[in-house]
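Peer 1: Sequence:
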Amino acid sequence: MRPRQKPPYGEAPPTQQVDLFGALEAPQAIETKPAKAPAARTKTPGGVLPALAAPELQALAERLPSTVHLGTSTWSFPGWRDIVYGDEYSSAKLSRDGLKALGAHPLLRCVSIDRSFYGPLSVADYARYANQVPAHFRFIVKAPASVTDATVRGDKGAPAGDNPAFLDARIAIDEFVQPCMAGLGEKAGALVFQIPPLPDAMVVDPTAFLDRLSEFLKALPLLPGESCYAVELRDAIMLTPRFIRVLRDAKVRYCVGIHARMPDPRRQAKALALLDEGGLGPLIVRWSLHGGFKYEQAKAKYEPFDKLVDDDPDTHEALAELALRYALAGQPVVIAVNNKAEGSAPLTCFKIARNMAALLPQE
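Just remember that this note's numbering sits 81 ahead of the position in the sequence shown, which is counted from 1.
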């Protein structure tokens, strides 16, 4: 097993981003205020009680295409009381037992497992997660940084040297792909290789990186059913037609990463359009961080994650339009939102769902 690595935290956004794909026309959507769901109050021994979803959210869930999976990045947040959870629970309790309650919410149909980025998980770990959620639920799972980070990082996240296991397919298969699929089965929506910021030499001359990425992706085993691989970037300048062709040749998806270091989702949608010239595939999105913030800044501003602090209607609309384009074509749509996107991941999901419903033909 590879040594654990700390991910790069607190990276400042670049001073300039390259617009490689242009912009899409903004979709028309109706803005609505979030409704507060009433909480259930009946205790259940040992478990975590789900909050009662408001009738509006129940109706939204029934209206959206069944291929749409909106959800959150992890779930162990006491501030989600009366939004996801029906009572007050500790973070440790929610980490252990809260996933079942989240999976009971009609609109929250996916979650991103982020702890796998810090080190490999076992088949038993993945199976425990899968057993807590219904059949329609999907997981986004991040590959360990030990195979996705080009550098070995010190305690504070600064590069400390080259990573000899970077994009090593054998390690990725043994420590990530096989245990993940064995434990999650058909509930594995997307196995995401998030590439942290690359060394300057790879950015200046990306040929070696792209060749290595191509070889790596083509060495991965085919996944069953609707499960897919996806690659997410943290360097806007690397989102080029050449990078997209590497993914297309390997039949791997591009993960739209909404983050301070990346272009807005409309520009990233242009990259998807190039990827899907021969036909649409699954849509994978991770909305990680509000633009202009570092993780620590967003965490301090948004805790306890019980309300929207920095509402971003443009991103709601862009994701709603993009999601419907793929869902109405019959493709799986898996979108995971972090609390650090706007302040409360579930409330952001509800906003996206309302925007999607507004774009659907009236019944």
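What the hints contain is simulated information worked out from the structure, not anything from laboratory work.
Predicted model, so just to flag it, every value in this text is computed and none were measured.
There could be a bad hint or two in this list.
Label pairs and their computed distance ranges (CB to CB) [as the list claims (entries may be wrong)]:
| # | residue 1 | residue 2 | range |
| --- | --- | --- | --- |
| 1 | 263 | 240 | 29 to 37 Å |
| 2 | 143 | 300 | 48 to 56 Å |
| 3 | 303 | 384 | 19 to 27 Å |
| 4 | 318 | 239 | 18 to 26 Å |
| 5 | 250 | 204 | 15 to 23 Å |
| 6 | 251 | 199 | 15 to 23 Å |
| 7 | 332 | 205 | 48 to 56 Å |
Taking lysine-lysine and the DSS-like style, the derived pairs with C-alpha atoms no more than 25 Å apart in a straight line are [said to hold, decoys possible]:
| # | residue 1 | residue 2 |
| --- | --- | --- |
| 8 | 388 | 174 |
| 9 | 299 | 351 |
| 10 | 174 | 299 |
| 11 | 351 | 332 |
| 12 | 388 | 351 |
| 13 | 351 | 268 |
| 14 | 268 | 181 |
| 15 | 351 | 174 |
For each residue, glycine too, the CB sits at the ideal point set by N, CA and C.
Peer 1: For each hint, tell me whether it holds in the structure or not.
Peer 2: Status of the hints after comparison with the structure:
1. At about 33 Å, the CB distance of residue 263 to residue 240 agrees with the hint of 29 to 37 Å.
2. Taking 48 to 56 Å as the suggested C-beta distance range, the pair residue 143 and residue 300 does not conform, at roughly 42 Å.
3. Take residue 303 and residue 384: their Cβ atoms lie about 42 Å apart, and the range 19 to 27 Å is violated.
4. Distance hint for residue 318 and residue 239: a CB-CB separation of about 21 Å, consistent with the stated range 18 to 26 Å.
5. Our hint of 15 to 23 Å for residue 250 and residue 204 holds, since their Cβ atoms are close to 19 Å apart.
6. The hinted window of 15 to 23 Å between residue 251 and residue 199 holds, with their beta carbons roughly 20 Å apart.
7. Residue 332 and residue 205 have their C-beta atoms about 30 Å apart, which leaves the hinted 48 to 56 Å range violated.
8. Restraint check for residue 388 and residue 174: satisfied, since their Cα atoms lie roughly 21 Å apart, inside the 25 Å limit.
9. Annotation: proposed proximity of residue 299 to residue 351 holds, straight-line Cα distance about 24 Å (limit 25 Å).
10. About 40 Å separates the Cα atoms of residue 174 and residue 299, which puts this hinted pair outside 25 Å; it is violated.
11. Proposed proximity of residue 351 and residue 332 is supported: the alpha carbons are some 18 Å apart, at most 25 Å.
12. Simply put, residue 388 and residue 351 have alpha-carbon atoms about 31 Å apart, too far for the 25 Å limit, and the pair is violated.
13. A threshold of 25 Å between alpha carbons decides the hint, and for residue 351 with residue 268 the separation of about 28 Å lies outside it, so the pair is violated.
14. Annotation: proposed proximity of residue 268 to residue 181 holds, straight-line Cα distance about 14 Å (limit 25 Å).
15. Restraint check for residue 351 and residue 174: the C-alpha separation of about 42 Å exceeds 25 Å, so the hint is violated.
Hint compliance for this structure: hints 2, 3, 7, 10, 12, 13 and 15 are not met, and every other hint is.
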